[in-house]
Every structure is written in structure tokens, then in C-alpha cells.
Amino acid sequence: MVFLIQQTMQYAVPLMIVALAGVCAERSGIINLGLEGIMIFGAFMGVIFVRVLQGAGWTQDQGQLMVMIALIGAGICGMIFSLLLAFSAINLKADQTIGGTALNMLAPAIVLFFIVLIAHQNSLKINGAAGSWFMLSSEDFGGKAGGFDSAVLNVFLNNVYLTTYICVLVFVIVSVFLYKTKTGMRLRSCGENPQAAASLGINVYKMRYLGVMLSGLLAGMGGFQFALTIQNCTSSGQVAGYGFLALAVMIFGNWTPLNIAFCSILFGLFKCIAAVYATLDINGDGVYFLNDLGISPYAYRLMPYVITLIVLAFTSKNSRVPKAEGIPYDKGQR
Amino acid sequence: MMKKDKNATAPWEKTKWYRSESAKSIFSALISIAIGLFVGAVIVIVVGLMSPTISSKDMWDGFKLVLLGVFSTGKTGGNLTFGFNPVNIGNMLFRATPLIMTGLSVAVAFKTGLFNIGAPGQFLMGTMGTLSVGLWLGWAGTPAWLAWLAAFVVGVVLGALWGCIPGAFKAYLNINEVITCIMTNWIAASLVTWWFDSHNEFKNSSEGGKVAYIIPLKNVGVVTPKLGFGALCPGSQANGGFWIAVIIAIGMWVIMSKTTFGYELKACGANKAAAKYAGINGKRNQILSMAIAGALAAAGAALYYLSGNTEFYWSTYMSLPAVGFNGIPVALLASNHPIGVIFAGIFMSMLNIAGLQLKNLTMYNEYISDVIIAVIVYLSAFALFFRQFLGKRGKNDKEMKNANAEAFEEYVTEKKNEAGVSEQKITEGGNE
Chain B
1 MVFLIQQTMQ
11 YAVPLMIVAL
21 AGVCAERSGI
31 INLGLEGIMI
41 FGAFMGVIFV
51 RVLQGAGWTQ
61 DQGQLMVMIA
71 LIGAGICGMI
81 FSLLLAFSAI
91 NLKADQTIGG
101 TALNMLAPAI
111 VLFFIVLIAH
121 QNSLKINGAA
131 GSWFMLSSED
141 FGGKAGGFDS
151 AVLNVFLNNV
161 YLTTYICVLV
171 FVIVSVFLYK
181 TKTGMRLRSC
191 GENPQAAASL
201 GINVYKMRYL
211 GVMLSGLLAG
221 MGGFQFALTI
231 QNCTSSGQVA
241 GYGFLALAVM
251 IFGNWTPLNI
261 AFCSILFGLF
271 KCIAAVYATL
281 DINGDGVYFL
291 NDLGISPYAY
301 RLMPYVITLI
311 VLAFTSKNSR
321 VPKAEGIPYD
331 KGQR
Chain F
1 MMKKDKNATA
11 PWEKTKWYRS
21 ESAKSIFSAL
31 ISIAIGLFVG
41 AVIVIVVGLM
51 SPTISSKDMW
61 DGFKLVLLGV
71 FSTGKTGGNL
81 TFGFNPVNIG
91 NMLFRATPLI
101 MTGLSVAVAF
111 KTGLFNIGAP
121 GQFLMGTMGT
131 LSVGLWLGWA
141 GTPAWLAWLA
151 AFVVGVVLGA
161 LWGCIPGAFK
171 AYLNINEVIT
181 CIMTNWIAAS
191 LVTWWFDSHN
201 EFKNSSEGGK
211 VAYIIPLKNV
221 GVVTPKLGFG
231 ALCPGSQANG
241 GFWIAVIIAI
251 GMWVIMSKTT
261 FGYELKACGA
271 NKAAAKYAGI
281 NGKRNQILSM
291 AIAGALAAAG
301 AALYYLSGNT
311 EFYWSTYMSL
321 PAVGFNGIPV
331 ALLASNHPIG
341 VIFAGIFMSM
351 LNIAGLQLKN
361 LTMYNEYISD
371 VIIAVIVYLS
381 AFALFFRQFL
391 GKRGKNDKEM
401 KNANAEAFEE
411 YVTEKKNEAG
421 VSEQKITEGG
431 NE
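So the protein lines, in turn, are chains B and F.
Our numbering puts the first residue of the first sequence at 1, with every later residue one more than the last.
Our numbering puts the first residue of the second sequence at 1, with every later residue one more than the last.
Each hint should be verified, as a subset may be incorrect.
Unchecked claim - Restricting the straight-line Cα-Cα distance to at most 27 Å, the calculated cross-link-like pairs of lysine-lysine (DSSO-like) are:
hint	chain 1	residue 1	chain 2	residue 2
1	F	258	B	317
2	F	276	B	317
3	B	323	B	93
4	F	210	B	323
By construction, these hints were calculated from the structure, which means they are not laboratory data.
This is chain B alone, in the form it adopts within the complex (with noise of 0.2 Å):
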């Protein structure tokens, strides 16, 4: 039981930050559909700095430091390289559904060539380590070790990663920056009517280049946690549909922060018996019970698929899309 929940918790926290990444840029009136690109480019970015560090001769005891200075790298990477959509869509009103899928294209091929270039094969790990390296053990909190005596105390603090809580604590600043603060609740209103929001001072063009940019930092961090957690620190040019994923997470959320909390979780768990299911032990009694079912394992793993689109079918009618999303701003028309 412990093992799922920590294992949900990893397949879920990318998720929930890479959608509310697709939020902030959604809210502002640019689609995003680069998220998978960002990420890819985030995860590679942050693999990048680790190594560096450790090439600046950082060891193990300043392992959480190091994932620390990873994860907002990554974050700044996917920033700035978000830019790119944000320069395409925002300044030259080009198509942001084909500037997204240059972010998609772009990020990949770009990773891999100086993967390829760096390591001579198609992925590219942490110096001699694995990403266990960056956990938190129950001796790191003063508890004796191989874990607590509750089981409470081991899901949270046994055996997990500082950067999940960290992402979690991004994602509530944001999510409060969004809906609470003045800016923030400017930046949705571009997403709604951005004309009006002009005529009341709104400098729409900088709105929504704060929206693109936070999504991209968001993205970039998500890609490094992925990386970091699902991949054992490695970054091959690939994030498996996880930033695609993460945008029906927001359909499916509705663009609202709490719902998306909710979702990625689900989705969290469906992507975990995904991967684990052969060594899910639930109640601790010897038993795999998914494993004993017989069921080939590409059924489970097309399962979180199959359910998106399940569940897209019967959401879709009350679905609030933010009203510009993907049109252009025109100043000119009113």
C-alpha cells in the first residue's frame, strides 16, 4: 500500500504541474501544445546541470542542493525555450497549434543530438549513480533507518523526493498567483476577452508572454521531476506523452487548479498499475492480484489512454475553455 500511493504520487506530481502549466498559458489565450517539448527539453536541461555539478566534483552529501539547483534550471531552461512559441504566437500571430508541434519536433531532436554527441547513445544518465541517490530516507528526519514504525510518516518521508513536495508547493503558489493576485487575475481575463481587458490598461501582449513564460518554467520543472523520478535520472529525448497527457488532465480538470489536483492523481494511479502491476502487492499477503488476473500487460498499459478519451467524451458538454484561447491578438479589432 505504501508502494502504490509513493508510486502514484511520482506518476501524479509531473502530471498535475505540467497541466497547470498548460492552464497559465490557456488562461492568457495561447494554446499550448509544446508542453511535451518543454518538458523533453527541461528533463535534458536538468540531467545537464546535475552533471555539471558533479563534474565541479558535488558528491552525494550535497545531493538534494544539487536536484534543488536542477529543478529551477530546468524550470528557467523550459522558459526560455518556450519563448520560441511565445514569439511565434504573441509578435508574428502565427498558427500556435503548429508552433507548439515545432516545440514537439524541435526539443527531441535537439536532446538527442547532443545526447548522442555527449554520451554515444541514445540517453544520457547522472554520473554513476542512480536517481536514488537524490531520496529522503526516515534517518534524514532523525527516524531509525529502513523507515518509521507508522506507516503514515513512511508514505510521506520514506524513501521520496524533496522536488515532488517542492513541485507541489509551485503548484499552490501558482494556483494562488492565478486566482488571488491582481496580475493573475488579469492574465485570465486575456484568455477570456483580451479587447476588453485592454480597454481597461491591460497590456495583453505582456500578459500573455507572463503566462507562456510561467508555463514553460512549470513544464521545465515537470520535465526534470519525470526525469528524475520515473526515469532514474536519465533524459533520452523523450517524455512518453506525458506533456500530452498532461493537456487532457486539463480538459479534463477544466482549467481549474483543484480539479486538475484531483485528476492527475487518477491519473497518477492509472499510470502506475500501468507500469508496476506485475509487483503490485497491495495488501502485503504474498498475492498479485493484478498479475494473477492474466490479463495481457498492454491492456493496462493502453489503459489510461482509453479512459482519457472515455472521460473526454462525457465531460466535454460542460467544459469551460477559456473564450480566446488560440485566437491571435488584434489590437484593431474590437
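The hints should help you fit chain F onto chain B, whose structure is shown.
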């Protein structure tokens, strides 16, 4: 998808040939290509200058191969040689075949206002149908031509059905087709892996070292004939599939621009509300358009695997075929014109060949060609910007302005004359 071009030429405007709509599309495509190649070359040079393991000679070799990769004839004495290389040219045309088909798939959907990013999934479904039926019938001793035809048709039908799913979701539930396409892509990846994983008879276990590959169709003799490429490009993989792709592209051009059905599809893409007002069934057309798109992508897969010696890696649930996604740049580069898609497809596969030459002959790797393609996609998002830039110069030309003013008057009188008869009748009737 496509927005209205402010500088589009009006029907009365007489323009010089190089300012016509199609010329503008071609110019903006050429600008994208030039900038894309430039970026690729710059990356090669910058990386070459920064990396200690790449010598300056290697760097120049890389630079040359980015631009002329398809004409490379290998290395003699450490120096690159260039010339007509029938193997490279043939392989280029062979690789262009599926690209043309996925490009057509994306282009047709674009014309109906849909963004078909589901080509990889449709391609995979086509692969599954073609390989399974081809092998089954081949083993059953069906005549090769019949097996070929059946394999092709089954693959295409599977792809069309797979394309219907996002189409139906869009038409009846108004769900963004991009999301459903992505989901169906991954579902297809898992389904295809599942299918081949549970059918051991398809797996290639006779050849050592080949893990998770399907038996190639040449083993059962179901192969597309060479149709001239045996003499033209000996030693290459090129075959009649290329001609079939070209014929299909021309057929799509005829359907899209010469038939009522094609006009209806385009009308739905240009203005959904107006199309509905004109009595066009938008929902039906959206589904049909996605079905055609799916069929085209799957036909690409069928032609690719019916060449015989291409092998399919079936354990593909974690990855999607790049050729599906590369249909997007092909369509964009061709401005969604079916004939343009042929050339854009050949160009893209030329970049692929250049990438392979880079990998084989220098320290660089093949991903540089993906970078170039991505840059071209990014730039084709600005197509509108380029076109306006090209258009502006035409509009400011004083001589052209006067000519256009005259042309406008001529156009109006012409229209009046056409409508004249009925107009006169009305006025006459009024006088009485």
C-alpha cells in the same frame, strides 16, 4: 487552421507570375528551407568549434553533407567525394514514399480545418493490417498479386477506421482533435504491440540476433514490383510504391480541387458556419475527412512494408513512428497542396539521407536533420508573415496599382455585362 491573408490577390487583380498565390507559397517554403538549412549548418559549425573531438576538417565535411548529403559518394583517401549516387537517390525516393502519404494525410485534414497529428497511430494500424494479411495470404499460397492487393486494402481500411475515431469525437462531441489523435496514437502503439506479442507466428525467430522483429514480406514473396527502379537506381530500395504514391497524390489533387466533394471538404475548413448555411453536412465531412486522412497514412505504411525487405520492430508501445509526425512538416512545406506534397516529401527524405551520411562519415549524428525539419516547421508557422512580406512589395508598386485599378474596372464591367440581361429585365419591368 489557415487564417485569411490580408494581401491575398482579389479575382480582378492582374499580378506578375511571381506574385501569384502559389508562387508566394513556394517562395515562403523556400525561405523556410533556406533558414532551416542555415540553422542546421550553424549548429554543425558551432558544435565543431566548441568540441575538442571534432577537427575543423570534420566540421567542413559536416557542413557540406548537410547541404549536399544525397550526392555523397562516400570517402576516398579521407576526402569526401560527390557525384550521382544511384543508391542514395533510390533510397531517397523509397523513404519519400511513406512521407508523401502521411504528408497527404495531414494536408487533406488541414483543408477541412482539422489538425491530424494522429498519422503515427494510423500508420501503425496500417502496418498491422498489411503485415498480418500479407503473411497469412502468403503462407496460404494465394497468388502474390492478390495477396498484395488484399494486404494493401486491409491496411488502408484499418487506418481509415482508426482515423474515424478522432473525427467522430470532433464532429459529435466537439473535442479538440489534437488530444484525441494523441490518445489514439498511444492506444494504437499498445494495440499493435499486443497483437504481435500474442501472435508468435509473425515473429522473426529464424534469423539470429533479430529480437522483436516481424518476418519481412519478401520471405513470402508478397513484394511491390520495381517498375523501372531496378534499372534506374540499381542496388537501392526504391520500388513501384513511389509511383503509386505519386498517382495517389495526383488523385487527391483531382478530388480536392475538381470535385464537389473536395469543394465541400474545403468549404468546411474555410468557414464551418457558411458551409452549414450552404447545406453542407459538416459533421459527416469531418468524419470523412479524417477517414481519408487515416486511409492515406495507412497506405503509406502499406507501401513501406510491401516493399518487402523493410522490417517492423513490433515492441513499439513506448515509441511512435517518426514518419507519421514528419507528415506535418511535409504538409506545411507544401502549403497543403497535394502536388506540392510530392516534392516536399522528397525534400524531407533527402534531409534524412543527409543525416545518415553525416552519421556514417563524420563525428556528427543523424539528429541534425531532425533539427532542420523542426526549424522548418517552426518557420512555416510564420508562413502568413512571409506571405505578407512578399505581398506588401507588390501592393506598393505604383505601376501595379494603376494596372490593378484598370483591371478592377474591367472586372466590374465584365460582371455587369454578365448580369446585364437580368438587370435590364428588372429595370424594364420597373418602368412599366
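Evaluated hints:
For the suggested pair residue 258 of chain F and residue 317 of chain B, the alpha carbons sit about 38 Å apart, so the restraint of at most 27 Å is broken. A threshold of 27 Å between alpha carbons decides the hint, and for residue 276 of chain F with residue 317 of chain B the separation of about 21 Å falls inside it, so the pair holds. This hinted pair checks out: residue 323 of chain B and residue 93 of chain B have alpha carbons roughly 17 Å apart, not beyond 27 Å. Under the criterion of a C-alpha separation no larger than 27 Å, the hint pairing residue 210 of chain F with residue 323 of chain B is inconsistent with the structure, at around 52 Å.
When the structure is compared with the earlier hints, violations turn up for hints 1, 4 and for no others.
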